[in-house]
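Protein chains in written order, with my numbering: chain A, 1 to 433; chain B, 1 to 157; chain C, 1 to 532.
Check the hints yourself; a few may be wrong.
[As the list claims (entries may be wrong)] Simulated crosslink set (DSSO-like; lysine-lysine; CA at most 30 Å straight-line):
# : chain 1 : residue 1 : chain 2 : residue 2
1 : C       : K95       : C       : K186
2 : C       : K74       : A       : K193
3 : B       : K11       : A       : K152
4 : C       : K5        : C       : K74
5 : B       : K18       : A       : K151
6 : C       : K57       : A       : K361
7 : A       : K418      : C       : K89
No lab work stands behind these hints: they were computed from the structure.
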Amino acid sequence: MSDYQPILTMHAGQPGSATRDYYLANGGYRAARRAVLDMNSDDIIQMVKYSNLQGRGGAGFPAGVKWSFVPRDDKRAKYLICNADEGEPGTFKDRMLINHNPHQLIEGMIIASRAIDCHLAFIYIRGEFAKEARLLEAAVEECRASNILGKKIFGGKYDLDILVYRGGGAYICGEEMALIESLEGKRGWPRIKPPFPAIEGYLRCPTIVNNVETLSNLPHIVNNGAEWFRGIGASPDSPGPKLYCLSGHVRKPGVYEAPMGTKLTTLIFTHAGGTTEGKKLKAAIPGGSSAPVLTADEIEDLKMDFPSLTAAGSMLGSGGIIVMDETTDMVQACYNLARFYAHESCGQCTPCREGTTWLTKVLRRFTQGRGRMEDIDLIGDITDNIGGLCDFSKGSFGKTICPFGEAVSWPIRAFMDKFRDEFEAYLPKEEAA
Amino acid sequence: MSFAFTADRKKRFNALLKQYPDKRSAALPALHLAQDQEGYLTTETIETLAQMLDITPASLMDTISFHTLFHTKPRGKYLLQVCQTLSCSLAGADEIVDHLSHKYQVKAGETTPDGKYTLLKVECLGACDTAPVVQINDDYYEKVSKDKLNRILDKLP
Amino acid sequence: MPLLKLDDHELEVPKGTKILDAALKVGIEIPHYCYHPALSIAGSCRMCLVEVEGMPKLQTACSTPVRELPPEKKIDGRYDMVVHTTTGKVTAARKLVLEFLLLNHPLDCPVCDQAGECLLQDYSFKYGEAHSRFVEDKRVQPGEELGSGVVINLNRCILCTRCVRFNREITGTGELFVENRGYHNKIAVFDGKPLDNPLAGNVADICPVGALLLKDYIHSTRVWHLSHTPSVCTECSAGCSITVDAANDRIYRIVSRENEQANGHFICDTGRYAFHTYAEGVLTEPLMRAKRGWKALSWDLAYRTVADQIDRHGGKGAVRALASPTFPNESSFLLGQLMQRLSDKRNVALIPVKREADQTFPAGFKISGDKGGNRRGAEDMIGKLAAGFKSFFKDEEGVLLVMDADGRAEVTADLKGLFESSSFKVVLASNESNITAMADLVLPVAGPFEREGTVTNDQGLVQWLQLALERKGQARPAWLVLAELDRLLTGEASLYTCAGDVTWKINRAISAYSQATRFKLGLKGQLLTGTG
Ligand SMILES: Cc1cc2nc3c(=O)[nH]c(=O)nc-3n(C[C@H](O)[C@H](O)[C@H](O)COP(=O)(O)O)c2cc1C
Ligand code: SF4
Ligand code: FES
Ligand code: FES
């Protein structure tokens, strides 16, 4: 492995790393103190903008730019929400960050809150993470007890509290607008954008939603400077440390921290120890299940950062890498994902509600050996009709309120296009002839 | 069958109302609190909670029925939630489901007649590196095999 | 104001106007389901997708506002926004949304009550594809009763959520909700909390497909057999615009008729179902009280009886009359005129009608507590009165001429006293009521849906009440009965051959009504001069 020193996960595995005292003893909360006492909102936003920190929740939107959309001199309260819904199949980095270093996240939240002048922030954590929610609550409690959260924190003039909010089991609640609805106690039906949450979010107030990993980067940026951050990884346009989640057919599945732009093959074969039993690599999903699958050939030399993956016709997304070796049945895998999306569609938009289940039913028929030749085109059509034509170079063409429509269409379509022979092999003899 | 929070939970509920900027936002925490106490959410529980949150029971039910972690029907003492999404499936989750199904003679979605186990197939639990994953009530059991799972289940009270 | 190019139309609309609203204005049809002008925007059915120049994705016309561009950025140097509603991309998208919507639809139009007025049927015909590529099992769900006489056929529901939003935003009662998630979404009510509010029936009107239906209408007829008469509800003083759907001289249902100045988009259930009550106890011939029960008599004889009784009991000067706040202006006006000619005393008042508290709903819809639907008009016709009639109706003998209030008259002590002191009581009514029960002579007149004329609501909006049904038996319009009585009692020839003639007279006689001409009323009515 390279000489890269982990930043976000440097304390992972250390006994007591989740406690305030451990964190403080290792230089924790220096950045937050500085942000609260010595920096103003503009300073922080400028710094983070310059750092080119891109959101780690999936879309890769520059965090500082997003913050700058929050209206100034607006009487409404401002809210920060940490998105810890982590539901994208193949993704498990936020859980790891929370388990090993909840205070790093809280510190990041203090910095972001300060930047947007928020006094009440939330951590929306997926409901299944009950243990992690308790851990976060304990961490918040520790902070309240030591003036890190609460009134006039760090002895300054700034008030901030954080509430830990357990979701109720819904992948779509990771989508920021659905998340906000759910936080308001409603069903997680994404709202139409615009208005974007930065203008009208939680309780119709300006709201910033950021991923756990995005926020966890902030203390390091404040401590070491934006220039330092831009120097990490292959390109200053898409820099920083990145947590890559490796699962599926690899020898050592897990979360690996590496500089942004690390090669996918390095991650699979060096970090994760190669495929299980050394079988031949068939394909990998590079950025959570919504990212179109890449074949072994496409993976050669592929750098894992936002621009490189977009250029390769997929996306970095959440950094969840699902590795599939030669034994993988791609039709089953495709069906598995279709079923996931059908289960998770919020049901608001006609194409997504009806289309995801239709796809699942057709694919199930396929796996049962009852496919028809025309179904192959039909699957392509249905995905187009939910998510719009798959043409990455031209941006997103979805026909739905939220990007879930694209998130289901693109990967299914990629499976179909890239492994068409496997689908055809599933056809009953009469059909295949 | 009326519902009331225990004294301790009542305190926590009141604290929630104080913490959140509006009442309705306390809905999910309140539902977790109530379900934790009662096992599942009865019509009466929902009506009482709705009243406490100043919304209609219909409106609360709307929220409840959207989120899969809330149950409005009795369920087993142990909720065996087997992840079936891709990474777990690649790691043999289907066999785990078959095993449990056989072991307790229930299909996914069903509860054993003694009310002890409910078997559920669920979607990605966000722990794919330790696939296959089974969540039993609130706790994750990771990298499970049939044998490991048997040992875990046998130790449950 | 931004300049919008919408297909071949150019129009200026205020910034922020939704594309769909702009299209409706110029008469371009953009198919839509979840959009309803009175409800918040859902943007979820995805039927209204249109192409906006400069935006790669198709946009939902219902939710996309017309923007304003700085001068240097205008498209073609002039437009702020250029929208296409018929391009290949758009028509393809519509087709696909329809395909999705029809996947699980039972395609049971031949037995569906919505057939003929179903937006799914209409749009499929216009924009859809003839064949479905769906060969999987359909989602089948049982029908359910939701309460307040509304039933749901879940298989036909397209989850536009109009009904849910209606009950949240308009009535504020929120009985309906979406249950479950995704493909299993369904409209439901909470256990033991059925749909229960005075506006509930509207959900059947706003449902774009045949999912929500009224129990009293299901399987009763086919919509293409119905005549649709634009009329006005007189059950309370709000004066809602309605459409009366009838066939074979029977009303099948009443639905709301949009009128921004009156009811907006909705009506209340009292008005919606009132027609059922008027189908009972219908009076079809003049009736004279006999030793036992009633004796039928001819109109001639009935009129002569009235004249005789007047002569016998104190003469013309002793006649007293009660006009009705539920009848059209024309009858009250003629009654007022007649009474002026009979005597120069104050001799006409209004029959007392129930008044309750107004009911106002969160979005502003009001059910007036005043059940005298045309009180304002009646008062305008006979002259506004101080409270009651006790002050000028002395307990003395004489003939009493009464117009009933369609079963809503309140028998107060005063009214009872008046009836008791009067020597002979003539009642003009369409149905048996608490007032006909006290009459000596009953003259059958046209019922609420058989009347023509003007009515004035409590906001001063005058609307035309259109005849939707034929009168029953020998019943005559009240204005005609009064005109005929006038001729008999005064000996002067009648000027009127139809209700419109009386309206014309009112336009001349009462200045506030000078603009409320039959011609100007149209379908939406006309505010009284000096109001609004
Ligand atoms: C269907 C869907 C699911 C999503 N799930 C998550 C999630 O679990 N966690 C997350 O951080 N972002 C998720 N997102 C992205 C969020 O909408 C949002 O962009 C993100 O939280 C912003 O944070 P960032 O800018 O720090 O990345 C999801 C988006 C979609 C469309
Ligand atoms: S695209 Fe799917 S998940 Fe997103 S709002 Fe529409 S129906 Fe819901
Ligand atoms: S796939 Fe099972 S935990 Fe993610
Ligand atoms: S009418 Fe526009 S999305 Fe439904």
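Which numbered hints turn out to be false for this structure? none
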